[in-house]
Amino acid sequence: MPDQDVRLQHLKVWLDEQLPILFAAQGWGVVPPATLTAASSDASFRRYFRWEGEGRNLIVMDAPPPQENCKPFVDIAFLLAKSGINVPKIYAEDLERGFLLLNDLGNQTYLDVIDEENADDLFRDALQALLAFQQLPMVAPLPSYDVALLRRELELFPEWYVKRELGIEFDSTQQQLWQEASDLLIDSALAQPKVLVHRDYMPRNLMLSEPNPGVLDFQDAVYGPVTYDVTCLFKDAFLSWPEARVRGWLEDYWRQAGALGIPVQPDIEDFLRASDLMGVQRHLKVIGIFARICHRDGKPRYLGDVPRFFAYIEAVLARRPELAQLQALLSSLPRPAGATA
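For what it's worth, the UniProt record's numbering labels the leading residue of the sequence shown as 1, then goes sequentially.
Calculated directly from the structure, the hints in this document are not laboratory data.
Computed Cβ-Cβ distance ranges for the label pairs, DEER-style:
no.: 1; residue 1: Gly304; residue 2: Asp115; range: 16 to 22 Å
no.: 2; residue 1: Gln128; residue 2: Thr173; range: 44 to 50 Å
no.: 3; residue 1: Ser172; residue 2: Gln67; range: 32 to 38 Å
no.: 4; residue 1: Asp94; residue 2: Glu314; range: 43 to 49 Å
no.: 5; residue 1: Gly304; residue 2: Asp252; range: 28 to 34 Å
Heads up, simulated DSS-like pairs for lysine-lysine below, C-alpha to C-alpha not over 25 Å straight-line:
no.: 6; residue 1: Lys194; residue 2: Lys71
no.: 7; residue 1: Lys299; residue 2: Lys163
no.: 8; residue 1: Lys285; residue 2: Lys194
no.: 9; residue 1: Lys12; residue 2: Lys89
no.: 10; residue 1: Lys71; residue 2: Lys89
Values in this document were obtained by computation on a predicted structure and should not be read as measured data. Beta carbons are placed, not taken as given, at the ideal position from N, Cα and C, and that holds for glycine.
All chains, full assembly: derive it from the sequences and hints.
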């Protein structure tokens, strides 16, 4: 029997043990007959199941150790809930085995429903949630986006995309260009004011819910650059918006954040530059991650979105001459189908 199927059997046994305890504690009566179906999986090893019985839904997370660790999810869920963010409520946990029983925030993500007409309203709600957790005091024992983490993320690009996907080793000139570009991106990130950073605050991880949005996939949160999450929200892995509209949303965020005392850059142009460079760092990282998911984990479908990230990067290169080294480096590499030259 495949390992995942063995885990599923163990998960079902654990769930059968937990449900009567939960139903008794909540005053829900007797546990009804129910179905357990796949809810979603993601680019990690985690997967989710939806338990449905007589009008009541629950979510079960399967996060297999040692690849996944549920404790950060539990700790950060508690932290975000204190600020009023709509995150999953944890009804039961087995951290050693990687099982969590959660309330159900719905089955529609922002990515499922967002379009040109409703984007302003949906993003308005998303920004309110973002502003709420960016106001949290930085007292929880979370890691910071330091030099080592930023460089480790950037190195995913040459290690997995250039070397494994393209089959290329940097020559000495390319390596020098890469080093200079990386240093610039890292220095820009470290110079920014710090807040709590979700790290994947994008439509795929926001649920259409009440209150809206429900926020998922926050277990990798750190303290880091103030522009990180808002840039991630509007320069998404799976859908793109016109640049003028993105700038308008970024300016809306900047005004609201400043009014709330969130430490955004005082000058809007400095904020937009920091957002641009932060986005490039993230895009290079994600290109590397998508290549790794293909070559290490056997999930090639994510590579189809790589041209979107190159398009984001090219747009920034066109207006940020300080990234000339990165432009020269990327121009020396073969481009994926669909990417600009």
